[in-house]
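*Asks:* Line order of the protein sequences matches chains D and V. Under the numbering used here, the first residue of the first sequence is numbered 1, with each subsequent residue one higher. Under the numbering used here, the first residue of the second sequence is numbered 1, with each subsequent residue one higher.
Calculated from the structure, these hints are not laboratory results. Just to be clear, a hint being listed does not mean it is correct.
Keeping only pairs whose Cα atoms sit at most 25 Å apart, straight-line, the calculated SDA-like set for lysine to any residue is [claimed, not checked]:
(1) K333/D / R62/V
(2) K317/D / D298/D
(3) K431/D / D35/V
(4) K25/D / D35/V
(5) K333/D / T39/V
(6) K374/D / E54/V
(7) K107/D / T39/V
(8) K340/D / D35/V
(9) K374/D / R62/V
(10) K25/D / R62/V
(11) K333/D / I47/V
(12) K25/D / E57/V
(13) K374/D / D35/V
(14) K24/D / L48/V
(15) K107/D / V56/V
(16) K107/D / E50/V
(17) K107/D / D45/V
(18) K340/D / R62/V
Computed from a prediction, not measured in an experiment: that's the story for all the values here.
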Amino acid sequence: MHRRIYGLETEYGIICTPEKNKGKKLTVQNVVMYLFREIISGRMYPDVFLENGARFYQDIGCHPEYATPECDDVIELVAHDKAGERIVTRLATTAERRMRTDGFRGKISIFKNNLDTVGNTYGCHENYLMEREKVSFRQLASQLIPFFVTRQIYTGAGKVRHSDQGFYEISQRAQHIREEISIATTTARGIINTRDEPHADREKYRRLHVIVGDSNMSELANLLKVGTTGIVLRMIEDHFINEQFALRNSVQAIHEISEDTTCKCLVELDNGKRLSAVELQWLYFETAKRYLEQAESDPTTDEVMKRWEYVMTCLEKDPRLLDRELDWVIKRKWLETYVKHRSLNWDSAEVRRVDLEYHNIRQDVGLFYKAEKKGLTERILDDAQIRLAMHSPPERTRAKFRGRFIKLVNNGKVLCGVNWSYIQLYEPYQKLYLSTDPLEPEFEEASRMIYSI
Amino acid sequence: MPSEKQQEYRDHPMNENEEIQTNPEHDDSVDELTDDLETLLDEIDEILEEDSEEFVENFIQRGGQ
Numbered sequence: 001m002h003r004r005i006y007g008l009e010t011e012y013g014i015i016c017t018p019e020k021n022k023g024k025k026l027t028v029q030n031v032v033m034y035l036f037r038e039i040i041s042g043r044m045y046p047d048v049f050l051e052n053g054a055r056f057y058q059d060i061g062c063h064p065e066y067a068t069p070e071c072d073d074v075i076e077l078v079a080h081d082k083a084g085e086r087i088v089t090r091l092a093t094t095a096e097r098r099m100r101t102d103g104f105r106g107k108i109s110i111f112k113n114n115l116d117t118v119g120n121t122y123g124c125h126e127n128y129l130m131e132r133e134k135v136s137f138r139q140l141a142s143q144l145i146p147f148f149v150t151r152q153i154y155t156g157a158g159k160v161r162h163s164d165q166g167f168y169e170i171s172q173r174a175q176h177i178r179e180e181i182s183i184a185t186t187t188a189r190g191i192i193n194t195r196d197e198p199h200a201d202r203e204k205y206r207r208l209h210v211i212v213g214d215s216n217m218s219e220l221a222n223l224l225k226v227g228t229t230g231i232v233l234r235m236i237e238d239h240f241i242n243e244q245f246a247l248r249n250s251v252q253a254i255h256e257i258s259e260d261t262t263c264k265c266l267v268e269l270d271n272g273k274r275l276s277a278v279e280l281q282w283l284y285f286e287t288a289k290r291y292l293e294q295a296e297s298d299p300t301t302d303e304v305m306k307r308w309e310y311v312m313t314c315l316e317k318d319p320r321l322l323d324r325e326l327d328w329v330i331k332r333k334w335l336e337t338y339v340k341h342r343s344l345n346w347d348s349a350e351v352r353r354v355d356l357e358y359h360n361i362r363q364d365v366g367l368f369y370k371a372e373k374k375g376l377t378e379r380i381l382d383d384a385q386i387r388l389a390m391h392s393p394p395e396r397t398r399a400k401f402r403g404r405f406i407k408l409v410n411n412g413k414v415l416c417g418v419n420w421s422y423i424q425l426y427e428p429y430q431k432l433y434l435s436t437d438p439l440e441p442e443f444e445e446a447s448r449m450i451y452s453i
Numbered sequence: 001m002p003s004e005k006q007q008e009y010r011d012h013p014m015n016e017n018e019e020i021q022t023n024p025e026h027d028d029s030v031d032e033l034t035d036d037l038e039t040l041l042d043e044i045d046e047i048l049e050e051d052s053e054e055f056v057e058n059f060i061q062r063g064g065q
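Modelling step: build the complete structure from the supplied sequences, incorporating the hints.
*Replies:* Next comes the structure, spelled out in structure tokens:
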């Protein structure tokens, strides 16, 4: 089986509203501190690894951020991303209780989206470990850009907007992309980001850090986002893509495709041809199919290919067919239905609120989950897989042993410092264990030592 | 979760030998409401009982990455 490390980092939006709009308001900073109180003591910086190998921390802009542990399978990755939602939800419930004890009666809402009311954005970042020598960065970037520009037609989370061109667009992030290639993550964001932090042997590995994507509620859209990208990366690494998909103006194209909910608008290629996002994605799909006729596949890859083909077929026919599968289509359907049956205006606060509440991660409140409960969404996981991922790290990567150590720390058995690539045991052991290859459970030695004590 | 709607097979536009499932009776209008959708709308009503104007205005984050 071809192996690669995949990871997802989700920055959440958060707000606390006082009960019946009375009482003191808490700042976002204060609420985030309450969120962390369950897992850290008072003076520590909010940044911890959890027993499932994941990292939960406060990121730039005061967003709680959950980074999944290293996974080598994209279905497992989607389960770990969902586990993150459930863990953060549980922390929010505990935080509300603590706040009440301190005299703040309020409700915490946490959104897995990428936009606030005034247009500030926060991200969902994908990470892919790649072997450095297989392909030059230049080649990697040029073959990936057209893919990232067009994959939003199935990965987009959808957003309400107010313009003459229509009330809705496909992607939350697209309009915040200003460059083709950039190292910036908070200003001039690029289609390709160059922040290469492999947390591993730098000579052997690079990390592809992807910041162009939307956060997904739909398990299927999430699977497709990471799964199709993984397949395309394999083709690029193996020099299998010969076609020239380069776009004349990629940044303009990513904006235009997001604005066209029929998925029919044409964008111009360097070679003068004009193709739609659907046609370009079909080209990537057909290339992948040919690639997998001669390269090794596995059940997860087969599943991704099957789903990819299905959504492409529907997108070509009519995107509205995917109102169980894709976030931007599911959300639009309810918004349209609600607007029509309640005679609302698209620029009303109610519509904006519905747009937000789709992404509320609390299962008893969020609109996505209300629909999921009614069987109105397509699932790829069951709840047992998600529950498992909340407590157990992936079995085949170094996250396995990190998770084990965190359990020991949490039980007061050892004191140690932990990061993605090391475990440092403090007194009385005084040892540092480094990992240079996340695909190998390299902390095994450290683990053996601990169990021998 | 399997769809409750009927499924049919449809030719793939690029591979005529292959078949793929789609929902032929897929209702893409928003006029007809199933019971589930009706309940969903009621549930949205409940959420919106709070002051949405104030909620939306207050939802301001600092930019992230």
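*Asks:* Next pair to validate is K25/D with E57/V; report whether the Cα-Cα distance is within 25 Å.
*Replies:* 14 Å, holds
*Asks:* Compare the distance between the alpha carbons of K107/D and T39/V with 25 Å, and conclude whether the hinted pair is satisfied.
*Replies:* 24 Å, holds
*Asks:* Below or equal to 25 Å on CA atoms is what counts here, so check K25/D against D35/V.
*Replies:* Answer violated: K25/D to D35/V is near 39 Å, above 25 Å.
*Asks:* Please verify whether K333/D and T39/V have alpha carbons no more than 25 Å apart.
*Replies:* Distance of about 15 Å is within 25 Å: holds.
*Asks:* Is the straight-line distance between the alpha-carbon of K25/D and that of R62/V 25 Å or less?
*Replies:* At roughly 17 Å apart (the allowed maximum being 25 Å), R62/V and K25/D satisfy the hint.
*Asks:* CA of K317/D to CA of D298/D, is that 25 Å or under?
*Replies:* This hinted pair is violated, its Cα atoms lying about 29 Å apart.
*Asks:* Hint check: K374/D vs D35/V, CA-CA at most 25 Å. Holds or violated?
*Replies:* Roughly 10 Å separates the two Cα atoms, so the pair holds.
*Asks:* Decide if the proposed pair is consistent with the structure: K107/D and V56/V, CA atoms, cutoff 25 Å inclusive.
*Replies:* Status holds; Cα separation ~15 Å.
*Asks:* Within a Cα-Cα threshold of 25 Å, do K107/D and E50/V meet the stated pairing?
*Replies:* With Cα atoms ~12 Å apart, K107/D and E50/V stay inside 25 Å; holds.
*Asks:* Does the alpha-carbon distance linking K374/D and E54/V stay inside the 25 Å limit?
*Replies:* 30 Å, violated
*Asks:* Take a quick look at whether K24/D and L48/V sit within 25 Å of each other, Cα to Cα.
*Replies:* 22 Å, holds
*Asks:* Taking 25 Å as the top limit, are the C-alpha atoms of K340/D and R62/V close enough?
*Replies:* 33 Å, violated
Hint compliance for this structure: hints 1, 2, 3, 4, 6, 9, 18 are not met, and every other hint is.
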